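Trainee: These protein sequences, in sequence, are chains L and Y. Counting with my numbering, you get residues 1 to 303 for the letters of the first sequence. Counting with my numbering, you get residues 304 to 566 for the letters of the second sequence.
The hints are simulated quantities; they were obtained by calculation from the structure and are not laboratory data. Since the structure is predicted, the reported quantities are computational estimates derived from the model, not experimental observations. Hints are not guaranteed to be accurate.
[What the hints assert, rightly or not] Derived lysine-lysine pairs resembling BS3-like cross-links, with alpha carbons at most 30 Å apart:
#1 Y:Lys491 with Y:Lys445
#2 Y:Lys552 with Y:Lys322
#3 L:Lys153 with Y:Lys470
#4 Y:Lys498 with Y:Lys380
#5 L:Lys153 with Y:Lys423
#6 Y:Lys445 with Y:Lys380
#7 Y:Lys394 with Y:Lys512
#8 L:Lys153 with Y:Lys416
#9 Y:Lys413 with Y:Lys380
#10 Y:Lys470 with Y:Lys309
#11 Y:Lys394 with L:Lys153
#12 L:Lys153 with Y:Lys445
#13 Y:Lys423 with Y:Lys470
#14 Y:Lys488 with Y:Lys498
#15 Y:Lys323 with Y:Lys552
#16 Y:Lys534 with Y:Lys498
#17 Y:Lys380 with L:Lys153
#18 Y:Lys309 with Y:Lys323
#19 L:Lys153 with Y:Lys413
[Stated by the list, open to error] Under 7 Å between C-beta atoms, here's a sample of chain L residues computed to sit facing chain Y:
#20 Thr154
#21 Leu158
#22 Asp165
#23 Arg171
#24 Ser174
Note that the Cβ used here is the ideal one computed from N, Cα and C, for glycine as well.
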Amino acid sequence: MTLLIGSIQLGLLYAIMALGIYITFRILNLPDLTVDGSFSLGMACAAVATISGHPLLALFIAILAGALAGLATGLLHTRLNIHPILAGILVMTGLYTVNLGLMGGKANLSVVGNDTAFSSIESMFLTRGEMGITLLALVICLTIIVILAMFFKTRLGLAIRATGDNEDMVRSSSINANLTKCIALAMGNACVALSGALICQYQNFSDVGSGVGMVIIGLASVIIGETIFGRRSVTIGLLAAAFGSILYRIILAFALKIDMFPPYALKLISALIVIIALSGPSIKAALQQNKFRREVNSHLSDK
Amino acid sequence: MLDLIKVSKTFFPGTANEKKALNSINLHLDPGDFVTIIGSNGAGKSSLFNAIAGVFFIDSGAIMLEHRNITTLPDYKRAYDIGRLMQDPMKGTAPSMTIEENLALAFGRKAHKSFFALNKRDAAHFRELLARLDLGLEDRMKTRVGNLSGGQRQAVTLLMCTISRPKLLLLDEHTAALDPATAEKILKITMDIVKESQITTMMITHDIKAALALGNRTIMMDEGEIILDIKGEQRSNMTIDELLAYYYKERKKQLTDDRMLLA
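All chains should be built: construct the whole structure from the sequences, respecting the hints.
Mentor: Set out below in structure tokens:
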């Protein structure tokens, strides 16, 4: 039970990162690798601000820092015409130094003993805090989903969706496609950094390496969600991504619990989940083709 | 209303592939003009449109729209005043968004101020416009554009191009990828919209008969130059044979290519 609740809590917090990935990968249709860096950036910002006694401000600083990181990638891509994947890797690499610098040159920073968003909610509830933490994570996650779902129905949101769909059409509707790309990248990375900040406060430490592989974990969540809910509207897509994140954590927790895999297998499993999910359609097509071939052959041998 | 002054553009200058796409083009359009443009492949027709729409910047010369110099204006800013329809029906719409959402995006600045992009007043307006197409699309406003046929998509794109009342409409063989019956229908819708909203229009076509029949002026292009510009009586008296003969006399070659419709 504790394992399940813990997974749901983690899933809800990581869900915000999955939402960020959904914005860049699915809505903007642009593989953004800044994420690995901006997740650690959110953690580092949150750790420093939390230690200085501002647990709530920490979350907003992380959002802002993440948005700036996304904006940097967007500007490299649109202004300097650097390939989006390379632009993301460049910013991610640069952020490694920034993150170490923020944490005073140390690879990890503990915030144990400081007030966090979670410890303050714990003190508000009289009973043991688990319920409070789950509720807080749920409220934050749902709030972000509602804000994003509403945003993608506004004119700007529509323009961002169209940019991922058909950039030429956006330009001919007199909208600056470079601007919409930068805004979407900033939003996506703001979500990722917020998720990093919350995880930092949740587990009471920040580590410069914890962003590694986040793109894949986020993508895995998005794909799991899509497998269950299908690819429909943006609102359902956002909900599906969050749900996928929770499910991913539960699967992972139980896989590790039954000692099927050692804990360090986490990232390999994530990569495998994504590979299986992405190869689904082509495997399905190959199976169908095989079935068809067998049918044709058996007809031929009948005659 | 549109003035091109000595507009030139060369692709791949200084290489073996150097191509003079536009060679010192001068052109003046009056408000309400409907100009049809003909010419063989590589004559510079699409390059002319690309230059006007701002897909690329020209090497020399100037482009004026209603006495405003737009030569260095980026394409998305020109799009406020210039609507463009391409040959490929897939190019003008966002396939994973609904008809309604596509129209709302194109309506842009002219739309009612509202928090969400879709609102009832605009929806009623869209419905009315779609009903006029007579394709039954008014009852499918929540359908994704990707699920429509090529002709339906081109009709939606046509609405999107004209919904915010641009000053100039560029039609780049916009019916060429459609089957004859659909093409005729789209062309009719185009003429109706242009006539009703009095938008100055330029239309590239490979159908010489249509080029002479539609609009009030015809331009023939070859090798980046305008070699014929007729209107009024001269145009109404012009036959297809005379046009072809003129081209042969001017250029010492036949005006034909595989897609040209001569009758």
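Trainee: Hints the structure violates: just list their numbers, smallest first.
Mentor: Violated hints: none at all, because every hint is consistent with the structure.
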